[in-house]
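Following the hints, position chain B against chain A.
Taken in order, these protein sequences are the chains called A and B.
Residue 92 in the numbering used here sits at position 76 of the first sequence; the count goes up by one each step and never skips.
Residue 63 in the numbering used here sits at position 44 of the second sequence; the count goes up by one each step and never skips.
Because the hints were derived from the structure by calculation, they are not lab data.
Quick caveat: nothing in here was measured; it's all calculated off a predicted structure.
One thing to keep in mind: the hints can contain errors.
[Said to hold, decoys possible] In silico DSS-like cross-links for lysine-lysine, where the CA-CA straight-line distance does not exceed 27 Å:
1. B:LYS168 to B:LYS141
2. A:LYS89 to A:LYS106
3. B:LYS233 to B:LYS170
4. B:LYS233 to A:LYS106
5. A:LYS62 to A:LYS89
6. B:LYS141 to A:LYS109
7. A:LYS150 to A:LYS164
8. B:LYS141 to A:LYS62
9. B:LYS59 to A:LYS150
10. A:LYS202 to A:LYS26
11. B:LYS176 to B:LYS216
12. A:LYS89 to B:LYS141
13. B:LYS141 to A:LYS150
14. B:LYS216 to B:LYS233
15. B:LYS141 to B:LYS170
16. B:LYS233 to B:LYS59
17. A:LYS86 to B:LYS141
18. B:LYS216 to B:LYS170
[Claimed, not checked] A few chain B residues that face chain A, going by a derived Cβ cut-off under 7 Å, partial list only:
19. LEU85
20. LYS90
21. PRO97
22. VAL101
23. LYS141
24. VAL142
25. GLY144
26. ASP150
27. PHE153
28. PRO180
29. GLU202
Glycine included, C-beta positions come from ideal geometry on N, C-alpha and C.
Here is what each chain is made of, one letter per residue.
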Amino acid sequence: MVNKTLATCKEAVAGVFDGATILLGGFGDPGLPGQILEALRLQGAKNLTVVHNGSGGGTHSLGGLIHDGKVRKLIASFPSNPGNMSFQEKYLKGEIELELVPQGTLAERIRAAGAGLGGFFTPTGAGTDLAAGKETRVLDGREMVFEKALHADFAFVRAYRGDRLGNLNYRMAMRNFNVPMATAAKFVVAEIDELVPVGGIDPEDVHTPGIFVDHVVEVVRHPEYLKITTEGR
Amino acid sequence: MSLTREGIAYRVASELPDGSYVNLGIGIPTLVSSFIGPNKEVFFHSENGILGMGPLAQPGHEDPDLVNAGKQYVTLLPGASVFDHPTSFSMIRGGHVDYAVLGALEVAANGDLANWRTPGEKVPGVGGAMDLAFGVRNVIVTMTHITNKGKPKILSKCTLPLTAPHCVTHIFTDMAVIDVTPEGLVLREVAPGLDPKTIQSHTEAPLRVSPNCKEMNVPANFLAAPAAR
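So that you can see chain A by itself, here it is in the shape it has in the complex (with noise of 0.2 Å):
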């Protein structure tokens, strides 16, 4: 019998290598695995490639990664949060390094990566810093770049409901970047509010098709995920 699911996040980030690339879903904490981020940061693993819309906030999750110095790249497209400061500290003292790419492009470099595509062409930079060195072609009379697909090691994501098949779904604005990345890594674990039985999610709710994800770890949400801020960024 199939059975995806792992009782801890420290199973969940058990394998993860010195200089491997995550791919870290969730946008502000909305679709934020930040358990599994707490466990990965006791596990160790350093000279990490992060790819996460932002740059995490303070000193847990990802801004706990970045101050313990365990990332040694992130690729993002609004790390720039004035809340960030961890990762603030890093840059500038060159620590870290930066690769800056629109949300959209990010977005789709994953799903390109998950789609088994090398890459496609897009408008949104053209003529721009962020397309210096990069090919163009002009397309239906538009200039357009080139962008690669972006593949990864490992997803972490987090969703709502899942079942013992690695089957997700997601409520309200938890699936933006979760989606994507579940499709783009060699190994991908789904943190969850709520392990149900096979069956259990309607097949038309099924937001993520479990042939995607190799396990799942439920957790109890931690009370700072619930902390509610309306400041805003």
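Structure of chain B alone, referenced to chain A:
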């Protein structure tokens, strides 16, 4: 007189047609949604996967899984949908979103936009700004007409790194409404009490005055003396 931040947002809101799909940036653009009024349906899009976004959540009623692009807790209106990032940016890049309302540091006479790198900024961040500027048909810029040091922001040529070339279609400031046309900038409206000559003196790029140029129709509570801005 000049418009307050709310005044600029009010004026932009009255420009958005019934049934339009609109993405609002951070700052003055965020205020636009408060002024749509009950007589038209405008659908607000958020990059992180929301269409049909409602107002900010009331304290105590926040949903931890529902934030906008500025990471603020928001609500959904009836008829809303939620989706993933590739779908969200298909809406943007694919030209399905009708209007993007964005802040700007500089706009050039040819519609070039600079809004992603501030001078002296140490850590760069681009977010969805470039995708919006390249992908959305109507790019509305909202900003104060001049910097807090009194320098014009509407220029013959941008000095800061571009977000996208030739993308801005309309400029709404505290002093004026300006259209970007193939023939250059056209002054369409002026704030109450200001004349085209005054607007031009605060604008580096040359303005053509529309034959239909008129005073903006904005309620008095959205007006301020320039010094109070």
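Now the hints, each set against the structure:
1. As the CA atoms of LYS168 of chain B and LYS141 of chain B are separated by approximately 21 Å, the hinted pair is consistent with the 27 Å bound.
2. A hinted pair counts as satisfied when its Cα atoms are at most 27 Å apart, and LYS89 of chain A with LYS106 of chain A qualifies at roughly 11 Å.
3. A hinted pair counts as satisfied when its Cα atoms are at most 27 Å apart, and LYS233 of chain B with LYS170 of chain B qualifies at roughly 25 Å.
4. The hinted pair formed by LYS233 of chain B and LYS106 of chain A fails the criterion: a straight-line CA distance of about 52 Å is larger than 27 Å.
5. This hinted pair checks out: LYS62 of chain A and LYS89 of chain A have alpha carbons roughly 11 Å apart, not beyond 27 Å.
6. Distance restraint check for LYS141 of chain B and LYS109 of chain A: the Cα-Cα separation of roughly 11 Å lies within the 27 Å cut-off, and the hinted pair is therefore satisfied.
7. Under the criterion of a C-alpha separation no larger than 27 Å, the hint pairing LYS150 of chain A with LYS164 of chain A is consistent with the structure, at around 10 Å.
8. Between LYS141 of chain B and LYS62 of chain A, the direct Cα distance comes to roughly 25 Å. Compliance with the 27 Å bound is thereby established for this hinted pair.
9. At roughly 44 Å between alpha-carbon atoms, LYS59 of chain B and LYS150 of chain A are farther apart than 27 Å, so this suggested pair is violated.
10. At roughly 18 Å between alpha-carbon atoms, LYS202 of chain A and LYS26 of chain A fall within 27 Å of each other, so this suggested pair holds.
11. For the hint linking LYS176 of chain B to LYS216 of chain B, the alpha-carbon distance of about 21 Å falls within 27 Å, and the restraint holds.
12. Straight-line distance between C-alpha atoms of LYS89 of chain A and LYS141 of chain B comes to about 17 Å, which keeps the hinted pair within the 27 Å bound.
13. For the suggested pair LYS141 of chain B and LYS150 of chain A, the alpha carbons sit about 24 Å apart, so the restraint of at most 27 Å is met.
14. Straight-line distance between C-alpha atoms of LYS216 of chain B and LYS233 of chain B comes to about 13 Å, which keeps the hinted pair within the 27 Å bound.
15. Only pairs whose Cα atoms come within 27 Å are accepted, and LYS141 of chain B paired with LYS170 of chain B is accepted, the gap being roughly 23 Å.
16. Taking the CA atoms of LYS233 of chain B and LYS59 of chain B, the gap is about 24 Å. The hint holds against a cut of 27 Å.
17. A threshold of 27 Å between alpha carbons decides the hint, and for LYS86 of chain A with LYS141 of chain B the separation of about 22 Å falls inside it, so the pair holds.
18. For the suggested pair LYS216 of chain B and LYS170 of chain B, the alpha carbons sit about 16 Å apart, so the restraint of at most 27 Å is met.
19. Interface hint at LEU85 of chain B: satisfied, since its Cβ lies 4 Å from the closest Cβ of chain A, which is below the 7 Å cut-off.
20. Annotation: interface hint on LYS90 of chain B holds; nearest CB of chain A at approximately 4 Å, less than 7 Å.
21. Violation of the interface hint for PRO97 of chain B is found here, the shortest Cβ-Cβ separation to chain A being roughly 15 Å, above the 7 Å cut-off.
22. A hinted interface residue such as VAL101 of chain B counts as satisfied when its beta carbon comes closer than 7 Å to some beta carbon of chain A; here the least separation is about 6 Å, so the hint holds.
23. With its C-beta approaching chain A no nearer than about 6 Å, LYS141 of chain B sits inside the 7 Å limit, and its interface hint holds.
24. The interface hint given for VAL142 of chain B is met, as the beta carbon of that residue sits about 4 Å from the closest beta carbon of chain A, less than 7 Å.
25. Hint status for GLY144 of chain B relative to chain A: holds, with the closest Cβ pair at about 3 Å, below 7 Å.
26. For ASP150 of chain B, the suggested interface contact is upheld, since its CB lies about 4 Å from the closest CB of chain A, less than 7 Å.
27. A hinted interface residue such as PHE153 of chain B counts as satisfied when its beta carbon comes closer than 7 Å to some beta carbon of chain A; here the least separation is about 5 Å, so the hint holds.
28. With a least beta-carbon distance of about 5 Å to chain A, the hint placing PRO180 of chain B at the interface is held under the 7 Å criterion.
29. Using the Cβ-Cβ criterion of 7 Å, the hint placing GLU202 of chain B at the interface with chain A is not satisfied: the shortest such distance is roughly 21 Å.
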